[in-house]
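Peer 1: Residues per chain are reported as follows:
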Amino acid sequence: GNSVTQMEGPVTLSEEAFLTINCTYTATGYPSLFWYVQYPGEGLQLLLKATKADDKGSNKGFEATYRKETTSFHLEKGSVQVSDSAVYFCALREGGYQKVTFGTGTKLQVIP
Amino acid sequence: DAMVIQNPRYQVTQFGKPVTLSCSQTLNHNVMYWYQQKSSQAPKLLFHYYDKDFNNEADTPDNFQSRRPNTSFCFLDIRSPGLGDAAMYLCATSKPGQGLYEQYFGPGTRLTVT
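Residue numbers (this note's numbering), protein chains in the order written: chain G, 1 to 112; chain E, 1 to 114.
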């Protein structure tokens, strides 16, 4: 079956540091890939997405590139802010609309 | 703004006392989902409706039921909550054929069982 593996957190960074959160996946075909963000006490928000190999999703300074050869979709940001503190979930969708598989989430804490 | 709304945001119930969580949407999406999210875990899909068609996940306990009286509303009923059912419950919607079926989430209801 499909699965998503994320690096374990928490990740603690100083403001303006470079961020990488690793995500790898296992799927039988060619999934669409997503990053969701969950701020404290809130639901999940779609951060970015990519549909095919070499696509780059980007939003709010975050980027992730769909790498088919390494089955990865790592999240990066060049300069994090305190307001980026949240839990980040990598996810994939393959097949029908209902089949979204989430990773376990990575908590990011940015300190001033 | 079109959105997914969940009420209440926080719900406390007693062990064994039935509880209902509600979700409404103004997006006019066909599909509505219910997820259970326990602390530090990924959201776990319980079931979903595609229009009026109900689809239960194989490992969803019988204790969990759902109703969708119309396009806008969907309810999660927990018939006899146990301590292990304490979690965040997330409602989401999607519209097949639009935006990679991306799911739009509500803010969640945090359920406490005493």
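Simulated from the structure, these hints should not be mistaken for laboratory data. Nothing here was measured: the structure is a model prediction, and the numbers come from that model. Just so you know, not all the hints are guaranteed correct.
Said to hold, decoys possible - Cross-link-like lysine to aspartate or glutamate pairs, in silico, DMTMM-like; alpha carbons within 20 Å at most:
id, chain 1, residue 1, chain 2, residue 2
1, G, Lys99, E, Asp51
2, E, Lys38, G, Glu42
3, G, Lys56, G, Glu69
4, E, Lys38, G, Glu8
5, G, Lys60, E, Asp53
6, G, Lys56, G, Glu8
7, G, Lys99, G, Glu8
8, G, Lys56, G, Glu76
9, G, Lys99, E, Glu102
10, G, Lys60, G, Asp84
11, G, Lys68, E, Asp62
12, E, Lys95, G, Glu94
13, E, Lys44, G, Glu94
14, E, Lys17, E, Asp53
15, E, Lys95, E, Asp51
16, E, Lys44, G, Glu42
17, E, Lys44, G, Glu69
Peer 1: State for each hint whether it applies.
Peer 2: Against the structure, the hints come out as follows:
1. G:Lys99 to E:Asp51: Measuring from Cα to Cα gives roughly 17 Å; hence the hint holds.
2. E:Lys38 to G:Glu42: holds (14 Å)
3. G:Lys56 to G:Glu69: OK: lysine 56 of chain G and glutamate 69 of chain G at ~15 Å, within 20 Å.
4. E:Lys38 to G:Glu8: Cα-Cα ~16 Å, so holds.
5. G:Lys60 to E:Asp53: violated (37 Å)
6. G:Lys56 to G:Glu8: Cα-Cα ~23 Å, so violated.
7. G:Lys99 to G:Glu8: This hinted pair is violated, its Cα atoms lying about 23 Å apart.
8. G:Lys56 to G:Glu76: Judged against 20 Å, a Cα distance of about 11 Å means the pair holds.
9. G:Lys99 to E:Glu102: holds (11 Å)
10. G:Lys60 to G:Asp84: Roughly 10 Å separates the two Cα atoms, so the pair holds.
11. G:Lys68 to E:Asp62: violated (39 Å)
12. E:Lys95 to G:Glu94: holds (15 Å)
13. E:Lys44 to G:Glu94: OK: lysine 44 of chain E and glutamate 94 of chain G at ~16 Å, within 20 Å.
14. E:Lys17 to E:Asp53: This hinted pair is violated, its Cα atoms lying about 28 Å apart.
15. E:Lys95 to E:Asp51: Measuring from Cα to Cα gives roughly 10 Å; hence the hint holds.
16. E:Lys44 to G:Glu42: Answer holds: lysine 44 of chain E to glutamate 42 of chain G is near 16 Å, not above 20 Å.
17. E:Lys44 to G:Glu69: At roughly 28 Å apart (the allowed maximum being 20 Å), glutamate 69 of chain G and lysine 44 of chain E break the hint.
Figure legend: structure checked against the earlier numbered hints; hints not met, in rising order: 5, 6, 7, 11, 14, 17.
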